[in-house]
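Colleague: Sequence:
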Amino acid sequence: MNKQTGRWGSRARDASASAVRRFSVFALICLMAGAMVVVSVPPGRAAGTGQFDHIVILAMENQDYSSVFGSGTGSSTAPFLSGMLPYSSTIPNYHSYGEGISGCSAACYTAVSSGGTWGVSDGVGSGSVSQTSIFDQLSAAGLTWKGFCENGCPRGGDHYPSLQYASTYQSPNSIITSTDFTDPTDPIYSEMNSASPANYIWLTPTDSHNMHDNSVSSGDAYAQQLLVGSGTINSPAPGSVLATGLFTNSAFHTLLYIWWDEYDPSPNLQYGKMIQQGYISQAANYDEYSTLHMIEANWGLTPLGAAANDPTMSDLFGASTPLPLSTSFTFLPTSPLVNSLVTFTALPIGGVSPYTVSWIFGDGSTATGSVVTHTYTSAQSFTVTETAKDSSASQQTATSSNPLTVLTALPLATTFTVSSNPVVNLPATFASTTTGGTGPYTVSWNFGDGSTGSGASATHTYTAAQAFTVTETAKDSSSPQQTATSTSTITVSAVLSGNFGTCTSLPQGWSCGNTNGLGGSSVNIVSGVLETVEANPGVGNDNSYYYSTSQKGVFPWSPCQAPVSGAVPTGTTSVSSTFTPLMVPSMSSGMRYHIYIALYYWLPDGAVSASGSTYRCLDTQVRVENIGGTFSSVGSTGTYDPGDSFGWDQVILDQVNAGQTYTLTADVANECQQDLTAWGLNPTTPCQLAGIEIGTEGFGFQELDVNFYTVQLATSTSSLVGSFVFSPSGPQVGQPVSFTGSASGGTPSYSYAWIFGDSSTGTGRTASHSYSSAGTYTATLTVTDAIGQTAEQVFSVAVHGLLNHPPSLSLPGPRSAIVGSTLVFAVNTSDLDLGEVVTLVAAGLPSSSAFDPATGHFSWTPSANDVGSYTVTFTATDNGSPPMSAFGSVPISVETATSSPPSTQQPGLGSCSWCNTIPIVGTRLWLFVAGGFFGFLLTAMLMYVRANRHLAEARRIRRFQQRTYRD
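Numbered per my numbering, the sequence shown spans residues 46 to 1012.
A portion of the hints provided could be inaccurate.
When the alpha-carbon atoms are kept at most 20 angstroms apart in a straight line, the in silico SDA-like pairs for lysine to any residue are as follows [said to hold, decoys possible]: (1) K520 to W490; (2) K318 to T293; (3) K318 to N279; (4) K520 to A454; (5) K318 to A438; (6) K434 to L370; (7) K318 to N238; (8) K318 to V397.
Quick caveat, the hints were computed from the structure, so don't treat them as lab data.
Build the full structure now, drawing on both the sequences and the hints.
Modeller: Structure, rendered in structure tokens:
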């Protein structure tokens, strides 16, 4: 009896253990199956990324590799970009004119974006290239792209590839900004800081930033401001590109590619955590097609055109050993004083950032941090030691030491200046500048002709025309006293000559005899020097001026008229003149004088009105101004209406003394804009310089004698530039849009032509246009100057329609049909927008089925040849603006009356019994978890059933044992 009991108990335990093992194996199988339902991805799904998931391309221009990066280790002309090399890769033998790419900007941009040049040349029209581009490839693969062209995109498609292609030039992803990329409000920053920035971002700066029209050093400074602002590579400042989430979010793997078009070899730099740091590629067969192939290979895209035959530049990628940690530091001021603040800045490089920095100042004090300050309390020499540690697993340490000398006072130093062009028998003015030591200072002069003087400022009149050596000596008040000297040789002229030429009649000028004063007033030109004398003691007032001037050109009172050819040089950008007051009057209340340059303008676009007056001329002055014995401060301005023009003046010199030489300079464009602004007129109104006047004016004083020695009319050969504004910025269909153009450079006057992007055109500086349908239009402004030069501005106008809702589409679920029986169902549509017509289209219809798009009625009687699975896709599209669509599919399976459900097995893929009913939607982590949870529930249910069976078996065995025991 005991043996039987033990035998049955053992059997029960064995059954239980076996069941547990079976349940465990079965549970694991169910969990794996549940996960596989979600994880399995059939061929054709979106491919994973390679080395990077985002790329930002910064397009630069027209430089040889060596001028920017030397031999690959850097260049002094580009200190910032060279400073990126230790963190980047570069290719010294990159060919921007490879494989037949023609020598023009446009073709290089075409090649790097579509794998060919397709006959493109500079001046490429928007949307004129029909080939497939990288932008099309990205969109087709479910990836995103955006292009940004800076500040109006003045070069259009020549430097902005997405404008070249018919498929993208009107895309909302092809963006033309109204600001520089360095402006923190530019839309590139909202894109790069978004939660889902575009996978491919293209940046086109203007030619004044990208090294096309500016120097390497200027372009380098622009790149620094754009990429890191006031910060560094390791610590970019907020509001810079490298400080955006696209580069700081660890979830992103972003490649920055700085690319130059043209030149062979051309500069290039690749930066990102997937890039080998400090790597100089030895490859000699990389060009634009290689760059394109690299991007395509990264995302598994089919290479376009010539890119298929080029390498993918794979050597740039991969883990790299960080450079050894090294450090140095700077301190300012370099000669600090006792009890003054000294700023220390550490400059660690290499290793792995971030760095920890500590300081020993040599006087027993210490500090930590990359930038620290310290004050020394005694005058002596100290050794400062800076220690930097990196964040690598095997932490590196580097130190740097420098001597620092703290002074009680700075060494005494002195220099001096002398009024320009000293002339015999005219006073020359000397002024010293002394620094360091301990003030006050004592200054003495030796003028080199046996005469001496004293004081920080002194005057001296030479009686002979020759060279003299002048020595200035400065002494301080310290003990012991310090002494410093400064020596310079000056040349005294017998008669100072000028460049005004000779007296010439108007309008060619310079004219003589233009005076309104009492006896003794005069205007003459002697040896090229314009000599003015004005005398008006006790006469005149604010409404009655006297004057002595010379003129050139035409003037508002002559009357207001267009410039006369040849009088004022075309393209004059500034007018300046050097002058020396020979005699200045004693001034008191009721007296006033001006020494000035006046510019007079013609408005080529027509008369303008303000404050009740309508004129077509402007009258402006830059001057020195004395009222009642007091000189007006620099920046003082005033408006006036002389009855023939809009007048505006500004003070640019705050005082003058007899015998000293000064310079007045008038900026032609600025004077026009300031005058217009002061009168409340549009400051972009075009102006043409028509006349120039130089001299003196005023009233009530005894005598003012001024000699003007030189006159300089600077001219510019700057390119013609057009710009525009339009309002409203987001117009609706049918709403009038006001366009206003402006121009600078070139040769005035200007004409304006508009292409609005919808086959409509316009002319004139201002134009109005209404768009008849919603969409993004590429508009063009073409400005033509007086000699036929043209400048083109391309911009986008986004026109919004009334909100159009997509139609709704009602579909049945998956359908099953039996051979020989008829399957019938209906597809229903509706639209919230009253009056809109919805069109229904079906795709994938079985050959023998019938579908009526007018009623949505579907019917099909499948035959034995139709056994299998089908998917019919229905598209409902309304006729709104823009048209909106809704999509949906109905799966249909056809079986024979006795057949099993069709297999979903595909060759080489295994079987999937539920693939027709459970959609395969991706490879996301949450879907994996959901699959696991599904498998867990299925496992739990099956275990519950098996456990109940086991429990029943155990109870049956127990009852049998009990009966056996009783027996």
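Colleague: Look at each hint and say if it fits the structure.
Modeller: How the hints compare with the structure:
{"no.": "1", "hint": "K520 to W490", "verdict": "12 angstroms, holds"}
{"no.": "2", "hint": "K318 to T293", "verdict": "11 angstroms, holds"}
{"no.": "3", "hint": "K318 to N279", "verdict": "12 angstroms, holds"}
{"no.": "4", "hint": "K520 to A454", "verdict": "14 angstroms, holds"}
{"no.": "5", "hint": "K318 to A438", "verdict": "17 angstroms, holds"}
{"no.": "6", "hint": "K434 to L370", "verdict": "8 angstroms, holds"}
{"no.": "7", "hint": "K318 to N238", "verdict": "18 angstroms, holds"}
{"no.": "8", "hint": "K318 to V397", "verdict": "12 angstroms, holds"}
No hint from the list above goes unmet by this structure.
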